[in-house]
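Colleague: As given, the protein sequences belong to chains V and C, one line each in that order.
Following this note's numbering, the residues of the first sequence are numbered contiguously, the last one being 325.
Following this note's numbering, the residues of the second sequence are numbered contiguously, the last one being 1144.
Honestly, the hints are just simulated from the structure, not real lab data.
Note that the Cβ used here is the ideal one computed from N, Cα and C, for glycine as well.
Certain hints may be false.
Claimed, not checked - To be clear about the criterion: a stretch of chain V counts as covered by chain C if any three or more of its residues have a C-beta under 8 angstroms from a C-beta of chain C, and this derived list gives those stretches:
| no. | region |
| --- | --- |
| 1 | 15 to 26 |
| 2 | 201 to 213 |
| 3 | 296 to 308 |
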Amino acid sequence: MSDRPFLSIVVTGRNDDYGGQFARRFFRVLAFNLEQLADRQVEVEVRLVEWNPIQGRPLLAQRLLTSLPARVRDSVTTYVVDGRYQDALSLNPRLKYLEYFAKNVGIRRAAGRFVLATNTDILFGEALVNVLATGALHEGRVYRANRIDLKLGIDDSEIHHALLENTDNHVPRPPIKPPLYAGATGDFVLLDKQTFDRIRGFNEIYRLARVGVDHNLLVKARSSGVPIADIGAPVYHVSHTTSFQVARNQASDSEAESLWGRRQWHQHEVIYDNPDGWGLAEAPLTRIDDQTWRVEFDWDAVAPLVDLRRIVLSGMPTSSGRSPV
Amino acid sequence: MPSGLLGLFGLARHSQVRAAKERVTELKRRSDEAAVRLESSRLDAERWKWKHEQLGTQLKAATKDAERWKTKTEGQNELLAKLRRLDAAEKKVDLAREHLFGMETKLDVIEAAINILDRRTRDRGAGPSPDPVPADLPASSHRE
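In isolation and in its complexed conformation, chain C is listed as follows (with noise of 0.2 angstroms):
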């Protein structure tokens, strides 16, 4: 700071101009590196507001698949249990089939004895016997 005379004229020591010139110097340098950090702060600002644009994209198509995906995986799943459900179904159809085929085969042989019975009954030569009356019964009495 200018003191004394010189001061008074407005002029300053040598050495305060200096020193004046010196903080000027570092004023400016501080600036200009405060300018630096600030564009780059801006251009770090930038770029991660880019990157979380792109991640932000990413997680929408993230998304996206795992939704596709979990309705496939349902999808998948349904038609799992659709098969399973038809295995089943088929296994109780064969089993079904075997049983109806026995059956048939059963009523062959029953079907074929009472031919085989009637025809033994009618080469006997003898007429049906009149199906017995209880004798509480009147013999016109019909069964109903």
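So here's chain V without its partners, still in its complex pose (with noise of 0.2 angstroms):
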């Protein structure tokens, strides 16, 4: 492999069984695309950014490694981050899990040149493989992808192509469409890692929510000058009980507050612009082994619970450019 990956794949993840069978569902997901983009010589790394991890149950990285096949395993990177992190940045206690906090981390340290934040239940068909592969995608643009909802129940035993592309397994959903090809958008942003940075990844302002965040990046990207573009392949969902479209009619509110946060919120008009540090970048890290770090508390990694300036209106200017409308 040479020194900088041609993908980045982040994802987050903890030790929780959530949705069920959380790990196995994880490891089945990640070995299956890791090893389609290894046999068409995609240069890949991954960054699983496990956060918060319940205390007293072996760390999500350490049954990780033990369970992809050897030829992938090495292309995995860990971030352990420390628990205190959801306290001090949380502004909804309610919402155990600031994943695109989580997300933000693994996109700040991604090594690629292209980075794709993505989720553990997502897989890739082979379209998908043959577009990464041939490596024709353009820096400053947002790919956007179809995901195709896999059936609760079916047999998945064992994941093919001929399982996936079978369209009496898909639950049918509307396709993505212009201008923001929004929708399941936590499941495929890809971006060149540039333009990550200049657009200060996912929005670590507004602290409420975990719906409709990944929505903001696309507005986000569109008010930056930064062009949405349909990948023109689609990714395969794996239902659970707790995915969104499964379980958001039969959650109760206070689930549906713990799962997802508020979700009512101006995600299509108000913007945001992360501070320098965005993505703990302030963290110290400690090693805890050749592929797993642990992101150590520090409050000078903490930007404060509020600045009202960096609450911006989509359209206005912020540190990563104007929008051209």
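Hints given; two lone chains; assemble the complex.
Modeller: Structure follows, in structure tokens:
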């Protein structure tokens, strides 16, 4: 592998059995994706961010490294983030997982030319791997992908392309459309590292919600003059009981708040201007092993709870540039 | 004119009679021509009168049309002005709405931060400390 991989895959999770059999689901998905990319000689690294690990349970990172096939194991680096960051940063005590803060930790530290922020239950189809293998991606452009939901309960004991591409296994959902190509955005945001740094990752200012923070990045990108495009190949989503599409009509108010935070907020109109230290850039790192780092707690890495100047209307100038609109 | 002896008997020379007849014929011809010209002039006058009346009617209609168009144009200008005002008002409303969203988002963040700080204070278990009282005021002094 050259010094700089073509692609960094950023995912976040912890050993909390999220959605039932979380670790099993994640390991199988990651192994499938990495093996496909390895088969096509795509140089890839994985930045797993283990946010606020649960006390008394083994780290997800440790379990992952023993589960992955040997030939792809070395591509994974894990950042285990001190749980105090969740408490220090959160503006919503009910929201238990600041997913996009976690992803920013990985994005900030990614080394790849392109960075894909995705989720642990997203499978890459053959067409997507082909696109990545040809390397025909443009810098300065956000790539989005249509997500195809696989039916809950299908026999996924063995993942293969025929299983993914069989339309009998699909749950219909509307395709993504211009200009934002929004819809399940958190599952696939692909952007070159330099532009990701320029727009400063996902929103770290409005810390009350998880739902909509992904969409908000698209609004920010467009507002910063970064075009958005459909990569032209779908990804596949392994449904589980906490999938937003499955659980949004079943979860109680408190469960919904715990999973997704505030659901109604101005994600389409109001954007953000993250501080210089976004992605916990100032946090000290301690090496746990060759592939695992601990992100130590330090108040210097914690941005203030309130910084109103960093709440910006879409189309207004931010440090990442002004909207051309 | 009869002259001489013939004249005494009321008679005239043949040449005189012929000349008189020729004058009469000439006068009659002139009279006929004048009558024709008169008739022609009368017809012309009637035609011009008719034309005048027609033009008068057309003028009235045109004046009416002009009035109507003037009113219409004024109405359309007024409508255009109204549309322009509406467009400007819509833009102002959009801008105001955007600013409102911005303010709401800021208030969300401020309210959430206050709640977080309140919770942290309570979690520390310490009761609220009494307000410091300036040394030169009695302890029971009320603030207005």
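Colleague: Each of the hints needs a verdict: does it hold here or not?
Modeller: Now for the hints, and whether the structure bears them out:
1. 15 to 26: Coverage by chain C is violated for the region 15 to 26 of chain V (0 residues, Cβ < 8 angstroms).
2. 201 to 213: holds (count 4)
3. 296 to 308: n = 3 at 8 angstroms, threshold three: holds.
Checked against the numbered hints above, the structure breaks only hint 1 and satisfies the rest.
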